[in-house]
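Build out the structure end to end from the sequences listed, making use of the hints.
Chain order of the listed sequences is A and B.
Counting from 1, position 215 in the first sequence corresponds to residue 204 in this note's numbering; the numbering is continuous, with no gaps.
Counting from 1, position 200 in the second sequence corresponds to residue 1096 in this note's numbering; the numbering is continuous, with no gaps.
Hints in this document: simulated from the structure, not taken from any laboratory.
Treat each hint with caution, since some may be false.
Stated by the list, open to error - Calculated Cβ distances over 10 angstroms to all of chain B for the following chain A residues:
hint: 1; residue: T4
hint: 2; residue: S158
hint: 3; residue: L173
hint: 4; residue: R211
hint: 5; residue: Q219
hint: 6; residue: R226
hint: 7; residue: E228
hint: 8; residue: N269
hint: 9; residue: T275
hint: 10; residue: F302
hint: 11; residue: G315
hint: 12; residue: L341
hint: 13; residue: R360
hint: 14; residue: E455
hint: 15; residue: T486
Stated by the list, open to error - A few chain A residues that face chain B, going by a derived Cβ cut-off under 7 angstroms, partial list only:
hint: 16; residue: V290
hint: 17; residue: N349
hint: 18; residue: L383
A virtual CB, placed ideally from N, CA and C, is assigned to each residue, including glycine.
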Amino acid sequence: MVVAAASSTATSERTPVLEAHRFSKQFAGIRALYDVSLFVERGEVLAIVGENGAGKSTLMKILAGVQRPTSGSLRVDGHAVEFSGVRDALRQGIALIHQELNLAPHLDVATNISLGREPSRFGFIKRAEAERQARKYLDAVGLDVSPRTIVSSLPIGKQQLVEIAKALSTNARVLIMDEPTSSLSQFESQKLFEVIRELRSRGVSILYVSHRLGEVQDLADRVVVLRDGQYVGGLSRGEIDRQRMVSLMVGRNLSQFYHRIPHAPGAEVLRVSDLRVPTNPRHAVTFSLRAGEIVGIAGLVGAGRSELLTTLFGVTPATRGTLTLGDQTRPPRSVPEAIAAGLMLVPEDRRLTGLLTAMNVKRNLSVASLRRDQRIGFLNRSAERQISTAMIRLLRIKASAEQVAATLSGGNQQKVVLGKWLAMDPKVLLLDEPTRGIDVGAKEEIYQLLHELAGRGVAILFASSEMEEVQGLADRVLVMHEGRIAGELSRSEMSETSIMKLATG
Amino acid sequence: MTAKLLGIAAVLLAVCAYTALSSDRFLLVGNIENLVHRTALFGILSIGAAFVIITGGIDLSIGSVVCLVGVLLPYLIVERDWSPWIVVPTVLAMSVAIGVAHGLLITKMRLQPFVVTLCGLLLYRGIARGITFDQAQGFGVGSKGLRKIATERLPIFGSSPEVFHLPATTMVLVIVAIAAAIFLNRTIYGRYLLALGSNPEAARYSGIRVDRMVILAYVLCATLAGFGGMLFVLDINAAQPSDFGSSYELYAIAAAVLGGCSLRGGEGSILGVLIGAALMVVLSNMINLVHPDYQNIEFAIIGGVILIGVMLDETVRRVVAARRAAARNSAP
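Here you go:
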């Protein structure tokens, strides 16, 4: 398929504005992108779609000069180029509009647009000239605000247009947009699409990355689908529809990886009622978990999965709503309270929030149970040793008790974080991306362990971006979309297509 | 950790040996007594600083707390005629309150430790100067009994004036140091301090009440600074508000860092801190005895030594880490 893509560029009669040839990118041994080729014609919208982690962002960053590919070559207007930074890309007319806007919020629009390229004489900024230029590019994106407006006073949709105006002011011919509508309202999105169409008609090329397949269908001239860092297919104008994109995005067979152990769920152990997560206070979340049940949370990046889990754990207090655990009903307020009630979280980012990276395995395993095992404030060192030895054996952690946690492999680190909670006998175990960045062997062991825990009556709630993991592990799945639970699927209703449908809204 | 302790101990011995060879006054009983005594006083401040540094914070107000307590103690006893039985608990309670205030500002208001304690540095010295109208404070010939805790020399090797007498402050330091070491290494709270210094977010996600532990660290630091300030003024019997305790926080922080408390938090041993404090005192003594004409640049010499120490430490850390990584990669 890669070869096919490459040859189709050769047969195209016009020279593409931008042509990427066999890009690969490795991060510390992890393959983020493998042998991907694509091209963009003048004045077309090329959409790039794929699941989380498919390599879209990496590809965009390479094209914009933010990162360098491990291998592969790039042509602009048929000439080979090499970018060693964003400036090189800008010089060739390629600009990236970031997902998080890159404007200086406290400065005005004109200053932002001309930032770093101010029209000046003897080092003094020619203010009137800067404003005149700013107005020109604001007109080009149809934005009717004064160049003197402070950026932070504009709504997010207009800020995005300022960013585009800024890109145009650098004479950008290729605009790379990474999830441009992720924080826009319906109306603002429509406005943006008009601008994109207008730019296209004037010969600007747009590389459009989005999870929202509806938008892609409306907007794109062609679609490139990535999966697991590889090119898996392209669709041209007439072929673009949601079904085709979804099947290309997910299209793989479930492996024989998940030895499912059927468990009969017991009584309800956790009930979450009308919970409002502070980052998304408009939507209430309500669901319950039964003992011995494994429930997955699926959703796209930014759907609010991690936020839901950290709120349940008491890291960020909920703005409203309660949590019923056993015979107690209360709003989730603090981590120690959650732990005391038997609810524990294995967080998404091990190095940031899971591990005491500079401390040894033993101290990491015992840190949560020190309080319980204390002897009037003093460490109970024999209990600490016992926990450490028991967990190293139970979880088959391949490290000594004295080894510093930061030096462990990802899989062993994750086992240490799990072991910390197992020593506390959780009733409800929350896991955020339980197997992210760990090798296949450790993955399997962790799945095995979660099944065993469920068998012993622990209720397990895990969030995962890996479709395969959700389907392989979960008894049922809650699909989140924009902060709310968009739907629930039982084991028999679960398919990659049904999950993606709910997740893309 | 042990390698680090040996390293700093070796540096201390080297400086001692150099000074002893260069000056015949270094090994005089009086000088040794004085060194032990000053190490004890600075050691107490340094242990306080260590608790804050272990959590990844910093306390720049130590010297000013020393000043405020050091000035108030004689002021209240002599000028205001309060009973020492009231004054001592009062100034110690004030130190605790200062620590609580620092901790609350840092945790609840989310201010930077550097900024909070920098303001403390300016504030407490200003208050001390204001209360006393910038007049030096002392006990005169009074408060002899109270002063003994700082001035007494214990005749452990007999009462002959030629033999070494142990300064009473050493006993105080030993008690403080043992208590601090037990607290840090044997209680769950000490472990929590180390944990939150290692990774505050992970500590929070492990159920540690991080805010309370940070407040505790600043309380320990300010309290030990206040206690140290008391000992300093009882010893010297005179406190000039404009410079009493000035830049002592730097000695304390330097001692803690040299003793192995990483400024990035999560590490620390009390013994290391004491050796660090001794090194600071001996370095100062060396300049006095061997290079008296270099006294003007004492800070520069101390600064240079600390910088070299920290650079060596970082280099060793990197080499060890690189070797570990290499060993891991070559393993099957």
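Handout entry: Hints the structure fails to honour
Key = 10, 12, 13, 16, 17 and 18
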